[in-house]
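**Student:** Sequence:
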Amino acid sequence: MTDFGGRRVTDFPLERLPELLRGVADQIEELAVKPSRFMLPMSLGKIRSSVCEAWDVSEIALLSNRRSTEIVHPRFAGYRLSKELTPCSFAMIGNSFKRDHTTIIYGVDRAKALLKESPDFRERYNKCLSILSDDVRELHERYRLI
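When you number the sequence shown by numbering that gives the first Met the number 0, it's gap-free, plus one each residue, and the end is 145.
Treat the hints as calculated values from the structure; they're not laboratory data. Values in this document were obtained by computation on a predicted structure and should not be read as measured data. Errors might be hidden in some of the hints.
Said to hold, decoys possible - The list that follows gives simulated cross-link-like pairs (lysine to aspartate or glutamate, DMTMM-like), each with its CA atoms no further than 20 angstroms apart:
| id | residue 1 | residue 2 |
| --- | --- | --- |
| 1 | Lys45 | Glu140 |
| 2 | Lys45 | Asp55 |
| 3 | Lys115 | Glu83 |
| 4 | Lys111 | Glu83 |
| 5 | Lys126 | Glu83 |
| 6 | Lys126 | Glu58 |
| 7 | Lys97 | Glu83 |
| 8 | Lys45 | Asp134 |
| 9 | Lys45 | Glu137 |
Turn these sequences into a full structure, and let the hints steer you where they fit.
**Tutor:** If you want it as structure tokens, here you go:
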């Protein structure tokens, strides 16, 4: 076990032990917070297909330039799911949805608002999460990860 400087813990002077323990506690706290975002082995393609299934739209329509509510709301959900379930940047998500990163930022914020405002949006969003969790469960079972 090493500290921040790469030295072994056994080489650490005992009077500096509280400092070492604080550093280790900080690292453990960071690990406890970060994994929730990256726990699912999710791809942007799976997210797009789950959104298409939940909202009953085609992937061509989802990636098109159409701006009707029937297409825009699923896009917003896809943006937010992509940001929450993958380590991808806004630019990477934008490339996947054929959009600019600023559009993705706006869509993630808008999806957050829609989750609070619209029961229909919330229901379909949760359906996407259910579809994705079923995919993950199937993957784990196939490779005996559970």
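**Student:** The structure should be examined with respect to each hint, and the outcome stated for every one.
**Tutor:** Consistency of the hints with the structure:
For the hint pairing Lys45 with Glu140, the CA-to-CA distance comes to about 18 angstroms; that is within 20 angstroms, so the pair holds. Among the hinted pairs, Lys45 with Asp55 is consistent with the structure: their alpha-carbon atoms are about 15 angstroms apart, no more than 20 angstroms. A hinted pair counts as satisfied when its Cα atoms are at most 20 angstroms apart, and Lys115 with Glu83 qualifies at roughly 17 angstroms. At roughly 11 angstroms between alpha-carbon atoms, Lys111 and Glu83 fall within 20 angstroms of each other, so this suggested pair holds.
With a C-alpha separation of about 15 angstroms, the suggested pairing of Lys126 with Glu83 holds against the 20 angstroms cut-off. Between the alpha carbons of Lys126 and Glu58 the distance comes to roughly 17 angstroms, so the proposed pair stays at or under 20 angstroms and holds. With a C-alpha separation of about 19 angstroms, the suggested pairing of Lys97 with Glu83 holds against the 20 angstroms cut-off. Under the criterion of a C-alpha separation no larger than 20 angstroms, the hint pairing Lys45 with Asp134 is consistent with the structure, at around 9 angstroms.
Only pairs whose Cα atoms come within 20 angstroms are accepted, and Lys45 paired with Glu137 is accepted, the gap being roughly 13 angstroms.
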